[in-house]
Amino acid sequence: MIRSIAKVSALGLLAISILGAGGFNEQAEKDRKALIEYMQKKFSDPLKNRASQFPYSTDKELKENIKGGLKFEDFRLGSYAFNKSGKEQYDEIAEMPPYEDAVDEGEELYNKKFKNGKSFKECFPKPDIAGDYPMYDAKKGVVTLSSAINDCLKANGEKPWNMKKGKMAKLEAYFAYQSKEAGKKFNIKIDSKEAQEAYERGKKEYYSQRGYLKLSCASCHVQGAGKRVRAEYMSPLLGQVTHFPVYRLKWEDLGTLERRMVGCNKDQGENPHKANSKWMKELLYFMAYMSNGMPVDGPDIRK
Amino acid sequence: MQFAKSLLAGVVLCGMVAVSATASEADLVKKGEKIFNTKKLGNCLACHDANGKKINSPGSFGPKLQYLSAWPEKALYDKVYNPYTTNPISAMPPFGLNGWLDDEQIKAVVAYLKTIK
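Same order as they appear, the protein sequences are chains E and G. Under the working numbering, the letters of the first sequence match residues 1 to 303, in that order. Under the working numbering, the letters of the second sequence match residues 1001 to 1117, in that order.
EDC-like, lysine to aspartate or glutamate: derived pairs with alpha carbons at most 16 Å apart:
1) G/LYS1040 <-> E/ASP267
2) E/LYS278 <-> E/GLU194
3) G/LYS1040 <-> G/ASP1102
4) G/LYS1039 <-> E/ASP267
5) G/LYS1040 <-> E/GLU270
6) G/LYS1064 <-> E/ASP59
7) G/LYS1114 <-> G/ASP1027
Pairwise CB distance ranges (calculated):
8) G/LYS1064 <-> E/LYS67: 21 to 31 Å
9) E/GLY269 <-> G/LYS1064: 15 to 25 Å
10) E/SER52 <-> G/TRP1071: 20 to 30 Å
11) E/GLU61 <-> G/GLY1052: 14 to 24 Å
12) G/TYR1084 <-> E/LYS274: 26 to 36 Å
13) E/ALA138 <-> G/GLU1073: 57 to 67 Å
14) E/GLU95 <-> G/TRP1071: 42 to 52 Å
15) G/ILE1089 <-> E/ASP101: 41 to 51 Å
16) G/TRP1071 <-> E/ILE93: 40 to 50 Å
17) G/LYS1039 <-> E/GLU61: 15 to 25 Å
18) G/LYS1064 <-> E/LYS266: 24 to 34 Å
19) G/GLU1073 <-> E/GLU232: 31 to 41 Å
20) E/GLU61 <-> G/LYS1040: 22 to 32 Å
If you are wondering where the hints come from, they were derived from the structure by calculation, not from laboratory data. Just so it is clear, CB atoms sit at the ideal spot from N, CA and C, and this is done for glycine as well.
So that you can see chain G by itself, here it is in the shape it has in the complex:
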């Protein structure tokens, strides 16, 4: 009984942790989405459409973003921080390197990018 109780508590606890993790994850994604779509923030939509998302008149300067859920987080972070690391002639701005987006903002953007199928 004692065991069952603690098991139950554990389950409840785990459940709570999981719930709160997804809640903050969802917040992060939301924050990232806002950065993606706001002119004074990331303004990513100026150049990018995103597969499966409703983007309000996205540009065609950069590729339509897709399959990003399969990218490692670090690769996405690096791309946004400084695209020249993987593509020295990229026409994409280095949002981290130039100090336009801070670490926290880039992490939020990455969380959003991870939801792009």
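Chain E with its partners taken away, still in its complex shape:
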């Protein structure tokens, strides 16, 4: 009798905790599922969907260069998920990945002692954490992987790093690589009202027209995904953050997600936002949540 009561109340507690967690991310889950459905449908049969999805692409292009039948995990490849000729070039470069040294240097940075004798291990006991960020902190608001790394440096009396490249990109490359090796997936949590509000603000930013060009991120990466700006295919929002940091041929260098965003702010005709701004962190929180359930796939290569 007592045992069964205990069981029931344990079940009750479990139900409450699931409900509790489900409550704050309920809308985000709806958004995420709707996005997956939208993208899978869009890329199910590009030629057949031309009228609604790719009105200005040529038949030849849709037939020959845009891959159809994409499934959830394919989207982690960004535009290479569907751009066949781009994928061929990508595969060629991937044979000799230009980021390998960076991963090794990142590991050294992870293990290196600070002046106070401690190391990053005190802040990040395990390195396979790339899919856990951004996260929401009651005191700090949204914490990105880059801001967490700088917080750790500051807490140990070290100078914070540039959030776009250099040591930051290398340490993140190591974290991403370890997460990928461990089979980690994106697992962004929204477990308070404040976190939910931060998510909603990030979402609003993604869908707002901005800059003198009056374009939103979504006009290019939701409705625009699969269309081209000049010769450049635009990647879908789904899976857009899973593979950072990236070695970009344009930079001839490794850069963080924050660095990549500069170019897109400029594409909209807007002054780039600071890597450590609330704007940036909340936007990345939304974007990362949209990739929940996808394998961490960094570091990677992009044009």
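Position chain G against the provided structure of chain E, taking the given hints into account.
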């Protein structure tokens, strides 16, 4: 004779006006073409191909432009100035409204667009 002379002068004059008109028209078209194809100016090629023109890797964000020679100038001007007037959900930037291209530049672009068959 006097009459013939003045007629001739008139013809020459008219001819000259016509020539200089086409010359400045051609300049305008050229200027418009440059705006169309330059990143820091109109950057129209980022989104548009244009029928019968050699455009260096045009995008597919907007439609391939064609038959624009048949559009009234005002319609073209309005489209570039503010595409929301005819299409409230247009993904095309409002180049005039946002102050990116001035009146003179838009007129040049329109002259170029008028040459698109």
